[in-house]
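Asks: Letter by letter, the chains look like this.
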Amino acid sequence: DAGVIQSPRHEVTEMGQEVTLRCKPISGHNSLFWYRQTMMRGLELLIYFNNNVPIDDSGMPEDRFSAKMPNASFSTLKIQPSEPRDSAVYFCASERRGSTQETQYFGPGTRLLVL
Amino acid sequence: GESVGLHLPTLSVQEGDNSIINCAYSNSASDYFIWYKQESGKGPQFIIDIRSNMDKRQGQRVTVLLNKTVKHLSLQIAATQPGDSAVYFCAERGGGATNKLIFGTGTLLAVQP
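Line order of the protein sequences matches chains A and B. Going by our numbering, the residue at position 5 of the first sequence is 5; the numbering climbs one at a time, nothing skipped. Going by our numbering, the residue at position 18 of the second sequence is 1018; the numbering climbs one at a time, nothing skipped.
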């Protein structure tokens, strides 16, 4: 089975540009999580969805960040406008909540560099 | 100014030795714990999990021990191999309805050949 799929794998952009990160969760999983990882702050949860509904977005840094999950197989994380301090690796993870093994499986990440 | 990143604890072991990575968790109500391995340039990879109603669980070459009295979790890796070199994270899930995980800062395991 395919794992969590993220695109793009690498993104270099200029300050002020819009960035859209994409995630396809594992088929059959009903929870989806967006994380950010930096050397300064480690792994931080930004937002998570259960059954396509946002449950906790308290980790979203500010209004420049938004996330959507229009259906069970796709989610986006958008940064508009981007700033250099947004440079990080962004991970998507998914989970089958309610199963015997409720663990999160991570994608390979998107490495974002904002110049 | 000088940037300061997270200081990762480092465990250096010889190939073939056993490794023990420790983690202190914060929430006494946490009911589920996971160990992840993260290799350079990759996402965290699930290793093993344990629920709060257990104190030990074994996998292939790995064992997780849970001590709820002192809120301590450990990961034991038997016969450590160079391929085990990575950063290891523990994660806890608070009890109740949440499926939000709280991650530790990680431990860097360096295996010397």
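Calculated from the structure, these hints are not laboratory results. Think of the CB as a built atom: it goes at the ideal place given N, C-alpha and C, for glycine as much as any other residue. Please note: incorrect hints may appear among the correct ones.
[What the hints assert, rightly or not] Chain A is faced by these chain B residues, among others (derived, beta-carbon under 10 Å):
1) Tyr1025
2) Lys1042
3) Asp1049
4) Lys1071
5) Gly1095
6) Gly1096
7) Thr1098
8) Asn1099
9) Leu1108
[As the list claims (entries may be wrong)] Chain A residues, not near chain B, derived (Cβ > 12 Å throughout):
10) Gln6
11) Pro8
12) Glu44
13) Glu95
14) Gly98
15) Val114
Asks: Taking the hints in turn, state whether each one holds.
Replies: To see whether the hints hold, each was checked on the structure:
Taken as an interface hint, Tyr1025/B does not check out: its beta carbon lies about 15 Å from the nearest beta carbon of chain A, beyond 10 Å. The criterion of a C-beta within 10 Å of any C-beta in chain A is met by Lys1042/B, whose closest approach is roughly 6 Å, and the hint holds. Because the smallest distance between the Cβ of Asp1049/B and any Cβ of chain A comes to about 5 Å, under 10 Å, the interface hint for this residue holds. Nearest Cβ of chain A to the Cβ of Lys1071/B: about 19 Å, over the 10 Å cut. The hint is violated.
Against a cut-off of 10 Å between C-beta atoms, the interface hint on Gly1095/B is violated, since the closest Cβ of chain A lies about 13 Å away. Restraint check, Gly1096/B versus chain A: the minimum CB separation of about 13 Å is more than 10 Å; hint violated. The closest approach between the C-beta of Thr1098/B and any C-beta of chain A is roughly 8 Å, which is under the 10 Å cut-off, so the hint is satisfied. The criterion of a C-beta within 10 Å of any C-beta in chain A is met by Asn1099/B, whose closest approach is roughly 5 Å, and the hint holds.
Interface hint status for Leu1108/B: violated, as the beta-carbon distance to the closest one in chain A is roughly 12 Å, over 10 Å. Distance check on Gln6/A: its Cβ comes as close as 8 Å (rounded) to a Cβ of chain B, failing to clear the 12 Å threshold; non-interface status is violated. With a closest Cβ-Cβ approach of about 15 Å to chain B, Pro8/A is found to remain outside the 12 Å limit, as its non-interface label requires. Glu44/A, annotated as away from the interface, has a beta carbon of chain B within 12 Å; the closest lies near 8 Å.
Non-interface call for Glu95/A relative to chain B: violated, since the shortest CB-CB distance, roughly 6 Å, does not exceed 12 Å. In this structure Gly98/A is not separated from chain B by more than 12 Å, as the shortest Cβ-Cβ distance comes to only about 9 Å. For Val114/A, the shortest C-beta to C-beta distance to chain B comes to about 16 Å, beyond the 12 Å cut-off, and the non-interface label holds.
Checked against the numbered hints above, the structure violates hints 1, 4, 5, 6, 9, 10, 12, 13, 14; every other hint is satisfied.
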